[in-house]
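A.B. asks: Sequence:
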Amino acid sequence: MKIIICLLATTLSASQDSGNQISQKPKREWRTPTEIADQIQSLDSVTTTTIGFSKNGMPIQCIEVARESKTPIENRAAILVVAGIDGHRLLGTEVATDMITALLALPPEESAPLLEEHKLYVIPQVNPDAAAFYFDPVKHEQQRNLTPSDNDHDGAKDEDGGEDLNGDGFITMMRVPDLEKATHLADPDEPRLQIKPDPLKNQAASFVLYTEGIDNDGDGKYNEDGLGGVDLNKNFMHGYKEHGDGAGKWQLSESESKALADFVLTHQEIVAIVVYGQHDTLSKPFTETGKDKAGAPKKLAKDDVELYKLVSEKFVELTKIKNVEQPSWDGSFVAWAYAQYGVPSFSTSLWARPDPIEEKAKEKATPETIEEKPTNDEVSLGMRGRGGVNRQEMIAEFDTNGDGELSKDEREALRESMQDRFGGGGRPGGGRPGGGRRPSNSDENPAESNDNSNLTPSGVGDISQETIDELLKAAEAAGFPVDDGMMAEITSEQVEQYAKMSGIKIRRITKENTSTASSKEDIAWLAYSDDQRNGEGFVEWTPFEHPQLGTVEIGGWVPYFKTLPPTDEIDSITEQHTKFIIDVASRLPKVRLSSPSINKLSNGLWEVEIAVMNNGWFPTGTAMAKKNKRARPIVIRLEVPNDTIVSGQKVQRVWSLDGGGTRTWFKWILQGKPNDSIDITLYSEKFGNKIISVPLKETEGGAA
104 MKIIICLLAT
114 TLSASQDSGN
124 QISQKPKREW
134 RTPTEIADQI
144 QSLDSVTTTT
154 IGFSKNGMPI
164 QCIEVARESK
174 TPIENRAAIL
184 VVAGIDGHRL
194 LGTEVATDMI
204 TALLALPPEE
214 SAPLLEEHKL
224 YVIPQVNPDA
234 AAFYFDPVKH
244 EQQRNLTPSD
254 NDHDGAKDED
264 GGEDLNGDGF
274 ITMMRVPDLE
284 KATHLADPDE
294 PRLQIKPDPL
304 KNQAASFVLY
314 TEGIDNDGDG
324 KYNEDGLGGV
334 DLNKNFMHGY
344 KEHGDGAGKW
354 QLSESESKAL
364 ADFVLTHQEI
374 VAIVVYGQHD
384 TLSKPFTETG
394 KDKAGAPKKL
404 AKDDVELYKL
414 VSEKFVELTK
424 IKNVEQPSWD
434 GSFVAWAYAQ
444 YGVPSFSTSL
454 WARPDPIEEK
464 AKEKATPETI
474 EEKPTNDEVS
484 LGMRGRGGVN
494 RQEMIAEFDT
504 NGDGELSKDE
514 REALRESMQD
524 RFGGGGRPGG
534 GRPGGGRRPS
544 NSDENPAESN
554 DNSNLTPSGV
564 GDISQETIDE
574 LLKAAEAAGF
584 PVDDGMMAEI
594 TSEQVEQYAK
604 MSGIKIRRIT
614 KENTSTASSK
624 EDIAWLAYSD
634 DQRNGEGFVE
644 WTPFEHPQLG
654 TVEIGGWVPY
664 FKTLPPTDEI
674 DSITEQHTKF
684 IIDVASRLPK
694 VRLSSPSINK
704 LSNGLWEVEI
714 AVMNNGWFPT
724 GTAMAKKNKR
734 ARPIVIRLEV
744 PNDTIVSGQK
754 VQRVWSLDGG
764 GTRTWFKWIL
774 QGKPNDSIDI
784 TLYSEKFGNK
794 IISVPLKETE
804 GGAA
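Numbering (my numbering), first residue to last: 104 to 807.
Any given hint could turn out to be false.
Unchecked claim - Ranges between beta-carbon positions, derived for each pair:
hint: 1; residue 1: H370; residue 2: T594; range: 38 to 48 Å
hint: 2; residue 1: S689; residue 2: E171; range: 42 to 52 Å
hint: 3; residue 1: K304; residue 2: Q651; range: 24 to 34 Å
hint: 4; residue 1: K776; residue 2: E416; range: 47 to 57 Å
hint: 5; residue 1: L209; residue 2: K793; range: 22 to 32 Å
hint: 6; residue 1: T369; residue 2: P294; range: 52 to 62 Å
hint: 7; residue 1: P798; residue 2: E177; range: 25 to 35 Å
hint: 8; residue 1: K603; residue 2: V754; range: 51 to 61 Å
hint: 9; residue 1: T151; residue 2: K623; range: 38 to 48 Å
hint: 10; residue 1: K423; residue 2: P294; range: 31 to 41 Å
hint: 11; residue 1: Q635; residue 2: E213; range: 25 to 35 Å
Derived by calculation from the structure, the hints in this document are not laboratory data. Predicted model only: the values in this text are computed from it and were never measured. Beta carbons: idealized from backbone N, C-alpha and C, even for Gly.
Sequences and hints are given; from them, build the entire structure.
C.D. replies: Written out as structure tokens, the structure reads:
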């Protein structure tokens, strides 16, 4: 058993109060990359290796965590946890390292699905150079690594960065009253924020925004070529954007991203990956969104959607995180791990801003004011609030011959019935959340909706994935299912036409209209700063005499405020994600050989039959891995002389097995003497090797 080593030293200070000794735990501080590296090196009885180095020569380390059991550690499938790839997200590194201690401190029976049946790889800090910037005396948020860049194309790199002019310890923003270049004005409703002017509202721009600092290179521009770097989560192969901002000169151009990819490719036993970083595939499950022009899948293969949905539901249950902002995953490690390495891969930011408005609404809610909402299962069956319908029951109603399928006439009858009941081309509720038709005197276009909060991009123009999902359900209910090929070729114009025919609102992903109001996100962050963090997230705008620009205002968001929670939340977040990683481990494939069935056909002739089974929950390969030929085969080999095989291939392969006890059977006819021993070998890069030795004699077999 591995020795449990505490990663954090707890210092207690005592004070006397009325004769009672009271111990206080000091506030936890974020740890530097050097402190993280020292803690990793202090771990005894875990395997620690250095997989590469950062631009500044800092080691990138991997920790292998497992307990001894009847299955040799080297023969086990593994989960990989990756953190610190986005340098400004220190939380991931803290949770990844603390999770090791938490796992080893659990009773063995609780951690067994991970530490005794499988093993865990933890790479806690992929980008240590950027993480180190948090600990500078002057804070300026740095996400990228330290590869120099020439952003202004003047032949010099990183020569015009920001400076802390007002001495508050932060590099924030400057409002410069330059009417010739002005682009923004203060939001009349919230002067701390800024908006772009709307001439129809008699608004005019009054200032231009620059990063706090001076014009170091004398080119008339301010802080346009500061510390550069490559965003490691844009430097991987899947969806890589050539010449994209921060994407790097070529794929895997950076030592950090190359080290990570090399580690994964040389450890084919990795069967699932969890990333702690900027991307989110867990708080809101991804849906399939077609392909880009090069044919690369944008998000999930259709047959992987349900797997991600169920994992997401468990994640939200354990962590209570939901509806996190989902930036594009083009070029990210998690996209490459899923789409090209070929294993279930998940990413989470670990923390999201608490919504005070939502909390207040919960407090004020009463049974009389809460409208009953459908469950996830009801939604998937077509329920829509009080005007909903159970689609499966309705289909059964029109399946007059009871064959489980709808003929052309039965589909037509179903469609007419749904139109009569609900309107809108067969979609329950006709496109309205509460059901029923839209009032005829409505001024709103029934196929348009301006509410774009918490919507997901679909890859079809600016139309949201939620709209696409509604159209797909309507098409299916009307008897016209849409396949992957049709979705890959569909255009925005076609979606708009279908939506109009079906009475479904089109909800669009649009850029925030900064001409009329500040972004909802910024307003919510201000409320969180004011109400829950004592205003520490925002520096109030204050006049300052700039040496080159004259009177300006300096203020804005405090660096790291939107990415790091209070440190007193780290322990609870670690506890949640320790439970989640154990849950993922409990769902991994369990590949086994059944006991063989042997039948004597005649003297010296035998029939041997055996099954390969997956008693786990995850399939042995994702649908995406099968599509792109990245599935790793399970090899079955009959270890007998070639000339004894009458029928059946000596070596056979299984490319994928669904979970839940799915089996694939193999059969051979052999020549041999009674009680001759034969070996049947299962070989898998991901699930280990297994050998069954049996004598040639009658047996029923076939069991697990």
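A.B. asks: Now, for every hint given, state plainly whether the structure supports it.
C.D. replies: Against the structure, the hints come out as follows:
1. H370 to T594: 38 to 48 Å: 42 Å, holds
2. S689 to E171: 42 to 52 Å: 20 Å, violated
3. K304 to Q651: 24 to 34 Å: For Q651 against K304, whose Cβ atoms are near 33 Å apart, the range 24 to 34 Å holds.
4. K776 to E416: 47 to 57 Å: 56 Å, holds
5. L209 to K793: 22 to 32 Å: The hinted range 22 to 32 Å holds for L209 and K793, with Cβ atoms some 28 Å apart.
6. T369 to P294: 52 to 62 Å: Holds, at about 55 Å.
7. P798 to E177: 25 to 35 Å: Hint holds: Cβ distance 30 Å, inside 25 to 35 Å.
8. K603 to V754: 51 to 61 Å: 57 Å, holds
9. T151 to K623: 38 to 48 Å: The hinted range 38 to 48 Å holds for T151 and K623, with Cβ atoms some 44 Å apart.
10. K423 to P294: 31 to 41 Å: Given a distance of about 34 Å, which is inside 31 to 41 Å, the answer is holds.
11. Q635 to E213: 25 to 35 Å: Roughly 33 Å apart at Cβ, these two residues keep to the hinted range, so it holds.
The earlier numbered hint that this structure contradicts is number 2, and it is the only one.
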